[in-house]
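Residue numbers (my numbering), protein chains in the order written: chain A, 1 to 311; chain B, 1001 to 1311; chain C, 2001 to 2311; chain D, 3001 to 3311.
If you're looking for bench data, these hints aren't it; they were derived computationally from the structure.
Just so it is clear, the structure is predicted and the values come from calculations on it, not from any experiment.
We put the CB at the ideal spot given by N, CA and C, even for glycine.
It is possible that some hints are incorrect.
[Claimed, not checked] Facing chain C, from chain B, some residues (calculated, C-beta under 8 Å): (1) Arg1190; (2) Ala1192; (3) Gly1195; (4) Gly1284; (5) Asp1288; (6) Ser1291.
Read off the chains here:
Protein chains: 4
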Amino acid sequence: MLSIGVDIGGTKIAVGVVDEEGRIVASTTRRTPATDPELIEAGVADAVAELTADHEVAGVGVGAAGFVDADRRTVRFAPNLAWRDRALAAELEELVRLPVVVENDANAAGWAEYRFGAATDAAHMLMLTVGTGLGGAIVLDGQLIRGAGGFAGEIAHMIAVPDGQWCGCGLRGCLEQYTSGTALVRSAKRRAESGDPLLEPLVAAAGGRRKDIDGPLITTLAQEGDPGAIDLIADLGSWLGVGVASIAALLDPDVVVVGGGVAAAGNLLVEPARQRFEREVTAGRHRDMPSWALARMGNTAGIVGAADLAR
Amino acid sequence: MLSIGVDIGGTKIAVGVVDEEGRIVASTTRRTPATDPELIEAGVADAVAELTADHEVAGVGVGAAGFVDADRRTVRFAPNLAWRDRALAAELEELVRLPVVVENDANAAGWAEYRFGAATDAAHMLMLTVGTGLGGAIVLDGQLIRGAGGFAGEIAHMIAVPDGQWCGCGLRGCLEQYTSGTALVRSAKRRAESGDPLLEPLVAAAGGRRKDIDGPLITTLAQEGDPGAIDLIADLGSWLGVGVASIAALLDPDVVVVGGGVAAAGNLLVEPARQRFEREVTAGRHRDMPSWALARMGNTAGIVGAADLAR
Amino acid sequence: MLSIGVDIGGTKIAVGVVDEEGRIVASTTRRTPATDPELIEAGVADAVAELTADHEVAGVGVGAAGFVDADRRTVRFAPNLAWRDRALAAELEELVRLPVVVENDANAAGWAEYRFGAATDAAHMLMLTVGTGLGGAIVLDGQLIRGAGGFAGEIAHMIAVPDGQWCGCGLRGCLEQYTSGTALVRSAKRRAESGDPLLEPLVAAAGGRRKDIDGPLITTLAQEGDPGAIDLIADLGSWLGVGVASIAALLDPDVVVVGGGVAAAGNLLVEPARQRFEREVTAGRHRDMPSWALARMGNTAGIVGAADLAR
Amino acid sequence: MLSIGVDIGGTKIAVGVVDEEGRIVASTTRRTPATDPELIEAGVADAVAELTADHEVAGVGVGAAGFVDADRRTVRFAPNLAWRDRALAAELEELVRLPVVVENDANAAGWAEYRFGAATDAAHMLMLTVGTGLGGAIVLDGQLIRGAGGFAGEIAHMIAVPDGQWCGCGLRGCLEQYTSGTALVRSAKRRAESGDPLLEPLVAAAGGRRKDIDGPLITTLAQEGDPGAIDLIADLGSWLGVGVASIAALLDPDVVVVGGGVAAAGNLLVEPARQRFEREVTAGRHRDMPSWALARMGNTAGIVGAADLAR
């Protein structure tokens, strides 16, 4: 049975028809009109209509950044879009005449990895999405963990350092401030400004302009073997490992999946994370260590996961 | 249908026949011969035989401190007993001729609270047992979370302070070092030694002997209104609140249950925890706060929970 | 004997003729042309010429933000002005035909407090200037401590929190990020954004615009008894106390002077600092606690101190 | 002119006649009767009498662990000896009929390095004695810094980690808990207990008994190239570097001397310290880095320094 997955990002609405093996059989996109909830919904409906003209589908799954109620029908709060307590599923069902479920985008992408990607062998999966921010998804015994109000999986806001770096969420020392694309770039700029000689090749690669340092540049240099860029990504990975060690004390996963833009660095990110994790997880001599894997589903994970959750 | 619950502690094996409403209808005890796994098992079998003489039971649930495999049959490692990779369920089944399941004791106690105690209304429960150490149990959507190898719920060993207090587990800064009965007493002694005037009544109550300060004394004084003892327990609670804030970012529970010996301090412990939690949990303005409750099942929670898990 | 003190700030050059009791007997100002070292020096020379027309002086002392060499003649680096390795004393002596000494502005202000202000009884003074940033000055046995390269007294950049808040200096967790006017305002804004109800009166006083919260507004509200503003300043003071506790372990001062714009909050700042200090200083039962005092010399401390150092 | 230096340790009183170039021309020892102040003083007097029989001396300098008043006559508190507010100089002058000054032992040893050892070129010396604990001495512009009550130089009790490891002084997170012989051994034992494979050679060298690991064993293995032992000492050094970075922000020394038993590891300790320091000191691009040196005066530094201070 086919279903439709929708991934509402900050700039683009990506929509696809997905089969039961997680393959996208048709897709389309619309631009995201961020300021108007009704326009976003109209865009989604229009794209769904285009795809349902040629495909019979059982339902629609929508992934969006933000907090989604545990009943998967209401967006409580979406920081980058205009939704506040928006009954998104009901509004869309009105427009598309199909059953709709809504899910947090990181949860949808995690679900895709669990069902079709890097964690198909997992009983208990932890997925970390190291993009601009830090996203997370948890699957335990085949169940996606949403929590009482849909707020579960906010790995970004576990406290890594008491009284540490201020976070946009209003707290101090959130893990996201230490392991995310934003943290990577900030750390690079700060170290460059303080004259760290290890970062001179990176500054040179940015045309001598420290403010032009960005994540892809760091990743590219790291893959070319630049010690400064490798060190920056390893530091990020080390923090990731510490964070996962605390999560593993709580949940004991058997597979840890790392995705997101920074995961393009591959083992330059994952190996330091894994090594730090194995040093910092409790009862390391007694437990089986989880396996670590890079995400495999790529940019379409959100579509595929959302579609699968709609079935 | 009746079942038997067994709680193997450091000094005593407590065994009870439990009905489907979580009531203990008969019970007995044996001393714990800590040094010999076979003697412990013989003691359990003997107690079970005593109780099954008068009651027909469906099975036996055993709770013990330590890491229990996810299949609930093998004790991987029990720090205070002599078990290492012990096939406890199989050994006991041989002796008692009944189906046996094994569970971590904090998990068993947490399950009792979820089924019959403070969290019967919960969809997603987090239980914290603040005794000598810090135990934890997690129930999500009605499922006790054990993790891949039975190592889940080790809240004690989430890292609260990077490079903080050394923990018996070999790591630094584990939450247990900041919020447990041991931490309470150590903190009291250290502050007393450094001459903190706020602790003078506590030292006086210990007969002037700082080394005689213990947890029950602190709790008693706190309940009598002594500001120093109240401050010590509030500090413990504050750390508990921080820890739960990180857990809530991950799991978003709707009920937090606080049990264990230190929970005898009641709201003197829970209120500071709750207040700190509400300040330190992410997205506090958008989420529904969990309710906090004191454990209700008392010392027999382990028996009741283990028995219920055996059904 | 009279001497001249010069205080080069970001917007204004303040110049005064100072007598041996630290009294300013004549003064004038010029605007600071920040982008051109020679224009700044010309401005200083012009102001000195105006004052020496009517007063006979022994020399000129110049205070400026930045790192001044231990020989007090060269500005190594001035973050907000255009000087880099500038032989300021020699350049000015050429222009004003008087002996010139250069000093870090916080050192100059501290020296004024030691000689004529809040610390005239001190043998060993620590001064903290809590303004936009955090400045410091140390006088031990009557000697202003400059260090090998004039870099002493940079209290701002002691590490208060490992891996803490990024600092403009390129490090993480510098004390200035926790106790300075900038830290005060940032903390207020973050807490307001996260919906802290305690800060509602402050937001209201800022006309409902969180971005309009500034230091004087917080101080004013605190002095009017607003609990939120008092809490913000007390938190700043608490960090100040921790920092001074580490410094006292090293230097054991007998007087701690607190100045700068935030010190307008008076005991709302100093009392929390002193209390935290007394809890966190080592050997508290054995040592004599230093006395804490508010700075008395006001805005002209820099002029008076620089002039006195020129004698 | 000759003078006598006395070093009162926990087990031995070492006494020497010292010339103006810091050479010991005669020496003797007595055992330390720790429980009786008068017996200690009698022992000192007896040893002094033995030496003054053959040498004419100008005075006696006494170094002892503990807090010595700024007038250098009274021992305020000596943690390992029986002195509390003891007028040691007056008592001894009565017995030996020579002028006596008393000094903290780390200060005396630091003074010896400054006058005759590793820091004769220094204008501003910081000395760190990494022995069982962590001692310190500060010389600025030729003046030994004692502070208002003789409590200066207590580098051990600067706070390195907020809420970190409890310290014997009653505080948490003191630097001594991270960089001292005691910290080295504790860290080794903890890591060995948690099964760190890197430490297996060390455990083997201790005969398989983790409790027999001690500082000299770690140092010896490190010098033989064992990666685990090298890592342990490097970690200690790294913390030393962080601590010195905070001190340098305050005092800007030009020479850092590292002594004490752990300094037997030489550059295995100092290089990691220096490297971490240079990364973590503020304004690193603008300041001249201090030079780092190993102490040269050995075990007699206390005698030589105390004797020189008596002149």
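Verification of the supplied hints:
At about 12 Å, the closest approach between the beta carbon of B/Arg1190 and any beta carbon in chain C exceeds 8 Å, and the interface hint on this residue is violated. Hint on B/Ala1192 is violated. Least Cβ distance to chain C is approximately 11 Å, over the 8 Å limit. Nearest Cβ of chain C to the Cβ of B/Gly1195: about 4 Å, under the 8 Å cut. The hint holds. Annotation: B/Gly1284 was flagged as interfacial toward chain C, and the flag holds, the nearest CB pair being 7 Å apart, inside 8 Å.
Proximity of B/Asp1288 to chain C is violated relative to the hint, the smallest CB-CB distance being about 14 Å (cut-off 8 Å). Residue-level restraint check for B/Ser1291 is violated (minimum Cβ-Cβ distance to chain C is 20 Å; threshold 8 Å).
Consistency note: the structure conflicts with the earlier hints numbered 1, 2, 5 and 6.
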